[in-house]
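Engineer: Chain by chain, the residues run as shown.
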Amino acid sequence: MTVQATQQAVSKGGGRSRRTDAPATLSNLIRRPESGSLIATIAIFIFFAIFGGAKFTAQSGTATWLNPAAELGIIAIPVGLLMIAGELDLSVGSVLAASSMTLAIVSGHWGQPIIVGIVVALGLGLVTGFLNGLIVTRTQVPSFVVTLATNFGLAGLALGLTRAITGSTSVALTSESWAKHLFGSYVSGKFEVAIFWWIGVIVVVGWILHVSKYGNWIFAVGGDLVSARATGIPTDRVKIALFMGTAFGASLVGVIQTILYNSAQVANGQAFIFNSIIAVVIGGVLLTGGYGSVFGVIFGTLTFAIVGQGIYYTGWNPDWASLFLGVLLLLAVLMNNTFRRMALSYGPRKKKD
Amino acid sequence: MVAVSVGALITVSACSSSSDKTANGDTKAASSGKGPAIFVVGGKADDPFWSRVKRGADDAAKVVKSGGGSVTWLAPKNYDNLGPDAAKLIQTAMSQGADGVVGPDWVPEAEDAAFKQVVSGKKPLVIYNAGGIDAANSLGALNYFGSDEATAGKAGGEFFGKDGEKNVLCVNTLPGAANTEARCKGIADGIGENGGKSSQLPLPSSKFGDPTAVAQAIKAALLKDSSIDGVVTIGTGDANAAASAIEQGGLADKVKLGTFDLDDTQLGRIQSGKQLFAIDQQPYMQGYLAVSALYAYIQWGIELPQKPILTGPAIISKDNVETAVAGSKAGVR
Amino acid sequence: MTQNSTQPLLKLTNVCKTFGTTDVLTDINLEVNPGEVLCLLGDNGAGKSTLIKILSGFHEPTSGVMEIDGTPVNFKSPRDASEHGIATVHQFGGTFPLMTIGRSFFVGAEPTRGWGPFKRLDNRFAGEVAVREMQSLGITRVTEGSRLVGGLSGGERQALAIGRAVYFGANVLILDEPTAALGVKEAAHVLRIVMQARQKGVAVILVTHNVTHAMTVGDHFAVLIHGALAADFRKGERTREEITDLMAGGEAMAELEAELEAYQAAHHGHVPDPVELERLAQSKSND
Numbered sequence: 001m002t003v004q005a006t007q008q009a010v011s012k013g014g015g016r017s018r019r020t021d022a023p024a025t026l027s028n029l030i031r032r033p034e035s036g037s038l039i040a041t042i043a044i045f046i047f048f049a050i051f052g053g054a055k056f057t058a059q060s061g062t063a064t065w066l067n068p069a070a071e072l073g074i075i076a077i078p079v080g081l082l083m084i085a086g087e088l089d090l091s092v093g094s095v096l097a098a099s100s101m102t103l104a105i106v107s108g109h110w111g112q113p114i115i116v117g118i119v120v121a122l123g124l125g126l127v128t129g130f131l132n133g134l135i136v137t138r139t140q141v142p143s144f145v146v147t148l149a150t151n152f153g154l155a156g157l158a159l160g161l162t163r164a165i166t167g168s169t170s171v172a173l174t175s176e177s178w179a180k181h182l183f184g185s186y187v188s189g190k191f192e193v194a195i196f197w198w199i200g201v202i203v204v205v206g207w208i209l210h211v212s213k214y215g216n217w218i219f220a221v222g223g224d225l226v227s228a229r230a231t232g233i234p235t236d237r238v239k240i241a242l243f244m245g246t247a248f249g250a251s252l253v254g255v256i257q258t259i260l261y262n263s264a265q266v267a268n269g270q271a272f273i274f275n276s277i278i279a280v281v282i283g284g285v286l287l288t289g290g291y292g293s294v295f296g297v298i299f300g301t302l303t304f305a306i307v308g309q310g311i312y313y314t315g316w317n318p319d320w321a322s323l324f325l326g327v328l329l330l331l332a333v334l335m336n337n338t339f340r341r342m343a344l345s346y347g348p349r350k351k352k353d
Numbered sequence: 001m002v003a004v005s006v007g008a009l010i011t012v013s014a015c016s017s018s019s020d021k022t023a024n025g026d027t028k029a030a031s032s033g034k035g036p037a038i039f040v041v042g043g044k045a046d047d048p049f050w051s052r053v054k055r056g057a058d059d060a061a062k063v064v065k066s067g068g069g070s071v072t073w074l075a076p077k078n079y080d081n082l083g084p085d086a087a088k089l090i091q092t093a094m095s096q097g098a099d100g101v102v103g104p105d106w107v108p109e110a111e112d113a114a115f116k117q118v119v120s121g122k123k124p125l126v127i128y129n130a131g132g133i134d135a136a137n138s139l140g141a142l143n144y145f146g147s148d149e150a151t152a153g154k155a156g157g158e159f160f161g162k163d164g165e166k167n168v169l170c171v172n173t174l175p176g177a178a179n180t181e182a183r184c185k186g187i188a189d190g191i192g193e194n195g196g197k198s199s200q201l202p203l204p205s206s207k208f209g210d211p212t213a214v215a216q217a218i219k220a221a222l223l224k225d226s227s228i229d230g231v232v233t234i235g236t237g238d239a240n241a242a243a244s245a246i247e248q249g250g251l252a253d254k255v256k257l258g259t260f261d262l263d264d265t266q267l268g269r270i271q272s273g274k275q276l277f278a279i280d281q282q283p284y285m286q287g288y289l290a291v292s293a294l295y296a297y298i299q300w301g302i303e304l305p306q307k308p309i310l311t312g313p314a315i316i317s318k319d320n321v322e323t324a325v326a327g328s329k330a331g332v333r
Numbered sequence: 001m002t003q004n005s006t007q008p009l010l011k012l013t014n015v016c017k018t019f020g021t022t023d024v025l026t027d028i029n030l031e032v033n034p035g036e037v038l039c040l041l042g043d044n045g046a047g048k049s050t051l052i053k054i055l056s057g058f059h060e061p062t063s064g065v066m067e068i069d070g071t072p073v074n075f076k077s078p079r080d081a082s083e084h085g086i087a088t089v090h091q092f093g094g095t096f097p098l099m100t101i102g103r104s105f106f107v108g109a110e111p112t113r114g115w116g117p118f119k120r121l122d123n124r125f126a127g128e129v130a131v132r133e134m135q136s137l138g139i140t141r142v143t144e145g146s147r148l149v150g151g152l153s154g155g156e157r158q159a160l161a162i163g164r165a166v167y168f169g170a171n172v173l174i175l176d177e178p179t180a181a182l183g184v185k186e187a188a189h190v191l192r193i194v195m196q197a198r199q200k201g202v203a204v205i206l207v208t209h210n211v212t213h214a215m216t217v218g219d220h221f222a223v224l225i226h227g228a229l230a231a232d233f234r235k236g237e238r239t240r241e242e243i244t245d246l247m248a249g250g251e252a253m254a255e256l257e258a259e260l261e262a263y264q265a266a267h268h269g270h271v272p273d274p275v276e277l278e279r280l281a282q283s284k285s286n287d
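Protein chains in written order, with full-length UniProt numbering: chain A, 1 to 353; chain B, 1 to 333; chain C, 1 to 287.
The hints are simulated quantities; they were obtained by calculation from the structure and are not laboratory data.
All residues carry an ideal CB built from backbone N, CA and C; glycine is no exception.
Don't take every hint at face value.
[Claimed, not checked] Restraint ranges, calculated between C-beta atoms of paired labels, are given here: (1) Gly200/A - Asn81/B: 52 to 60 Å; (2) Val116/A - Gly121/B: 50 to 58 Å; (3) Lys119/C - Asn78/B: 44 to 52 Å; (4) Phe196/A - Lys119/C: 20 to 28 Å; (5) Ala58/A - Asn78/B: 30 to 38 Å; (6) Gln112/A - Gln271/B: 21 to 29 Å; (7) Ala49/A - Asn78/B: 35 to 43 Å; (8) Gly250/B - Phe196/A: 17 to 25 Å; (9) Phe19/C - Val116/A: 30 to 38 Å; (10) Gly200/A - Lys197/B: 23 to 31 Å.
Let the hints inform the model, and build the full structure from the sequences given.
Structural biologist: Structure below.
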């Protein structure tokens, strides 16, 4: 089929190329950024299905990795988008904690309606993201440093204000039932509603990156910032919007966890900083930007969650859990590199036979 | 007179006698001028437990300040590198001219050298929260204030055993740390003497501070081994996650929950019968007593004959939860 | 080949550029005609890149007039320049190695389908146009717009960038050292693409070190030395040696030859050993 298409195109003097996003052939498949991570997800699932037994593959076992994957995914997908644009966000941990605490203080400690707390918490995320983006684009200081600073600054601010306001560091919250249903309940007693929020984030971000023209801007900004600016793309605005996206994702998870567990802890969330980056990297996004896909990040998140939880079904000593994660991370990146090289090799000569 | 001789005895047992005399000399010098500068090394202040310790230290500081002294709280930014970080904080205290140091002996291998510098610098030292009286004695500290993790764990284990649980899972989100390991071991010892057993579930740092990941791991362990009928966590945040895990696994009738440490959410669950107990080491008293005792020693040479001073364990269950709720409202429990 | 049209497409009159107190360009007068290749020659630091940055809107001239089709223009940004039909292609094509050919071709000017907030990027159209434009420049190997740009050779990337510029209506195409990083065959291919662009009526400004490449495709030559226009002549008016001499390198070469003669005279006809020669050349180029 590929051969035919090639000959046709040549014989007509060009003008005919196959549909860019056609998923038809194997050669098309291996050229996609998510191929490596898809294989990793399937392999890891089969591995734990074998060693974890029926309890792992049952509904309850599925919820075990799907719930953490959903929460991580809500952060990892916008983080992936930001990393495709060539920037990092290390402030998601504190944004999560600060938003969570904001909600608990506004609606728990001060007794405001929960909608007020949610709006203020999400607003806090957007403002933090805006500031991150503004500082990165105005000062040219690497986002690694800027967001690291934001992470510490916001952690300190959240702690100081929480203690000053409530005298404690863990604040309880009783949610109105609509909010409990929308953010912090379980479907059939097992699956967090966060899974639906994750799907929502996937649809919106997937559209932006792969279907709308803004996705092209994001790839261009991450691929070559100077060239992107020269073509007239408002690169600064693109970056600021993406920083707001990651912070919003972190805030949303903060809201979900606070309502789900009926309390906010100042120290929560820091694990999401590296976990989100790990999920994104396993998902085939290039750490230096310009390459990646939403599907890849989804698979990366699932892989991370399955590895993180699957070991508890195997009956093996869980002391080794982190070793699994380390090995997986390295293997996944090596495999993604291989697939990227395959995507870059343009070999019509081979096809002529 | 008695107090002085006991002080001499203790210090001699750990240190050279000459340092003891000079330490007393320093004591007088400090009391003749302004009040002493006391430095307290503690956990992260955003940790609910440590915020109560700090509250106790802050209350004791009011007395210190009224005597012209000061109390400075030093805490690591995170727990990733706890031993070396704590050792550096102890050295920081000394370099800032501490007249006395209060510190937890979390990681003896890393911290003891720094504690010995305090003692060899002829400044009085109080160990609190972690380490126990053995560490305090070997370092030449005045006293130990805190709970003994093994004792606390044992009390929890006994409570489970007497309640009728046979197989208890001890969830450890900080595996490898001396005090959390001792907690889980204490649980195993306590229930072992009462006809049950306990195993540990160590969770990696990639789950720390992520209640959903912790909850799902606990749920997985509960589903994997259906003989488990009790879960105990090393802290309150993990207890919230464990409560959610038990609920999601549909095991509320079968699996009983206990935890080390205490906060409002635990109290609420104990009140509503969803949680069996919480082991309170009464952290407020650790901060309060350690600072007060050190201040009294530096200022007036007062020393307590009882060593160690245990601030816990106190088991909060449905029998005594109402008084605990009152303490919690005041921010000390 | 020369079109004697009544007015040039692009005209510079007494353009100067200073950075602080340094004069980088002084009194540049240049005319660029459609369907012509202007070769901009000069040594490193002669002011070539400043000149093309002025033409492409990255810098504004300190003084002087720039006219397009007889109308004075003032570029505030690269966007302004491209709206006036001036496109710049950099040494490595200025493209995005990990984007598909189709997406990369349309960066910043994406074709969409659908309506309102549901406008979709038309990947199929983008890929087809990109491939067609590249093939019209003689790149027949590329048949799929969904391939990654990084899989193309250096020459193919130049073709992609040039094709893009032509497609978006560039009248003036500035090529900054397009052959510098390429092998002999690839360079020949790029020069053929330059000829094809010229045939389409585009004015090409080719910045190069390579006199052979310049001689092959150039209709009109301008040599910059120390920020001033040292020579401005048409094809056939100078020999290769004269052009070589004219470039800053040539100037230094002439001096080096004089030094060599002096050395030989002083050393009884002996040629200096390589180390000595190197030292002489070094001392010249440092002037």
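Engineer: Compare the structure with each hint and give your call.
Structural biologist: Okay, the hints, checked on the actual structure:
no. : hint                            : verdict
1   : Gly200/A - Asn81/B: 52 to 60 Å  : violated (39 Å)
2   : Val116/A - Gly121/B: 50 to 58 Å : holds (54 Å)
3   : Lys119/C - Asn78/B: 44 to 52 Å  : holds (46 Å)
4   : Phe196/A - Lys119/C: 20 to 28 Å : holds (26 Å)
5   : Ala58/A - Asn78/B: 30 to 38 Å   : holds (37 Å)
6   : Gln112/A - Gln271/B: 21 to 29 Å : holds (25 Å)
7   : Ala49/A - Asn78/B: 35 to 43 Å   : holds (36 Å)
8   : Gly250/B - Phe196/A: 17 to 25 Å : holds (22 Å)
9   : Phe19/C - Val116/A: 30 to 38 Å  : violated (55 Å)
10  : Gly200/A - Lys197/B: 23 to 31 Å : violated (46 Å)
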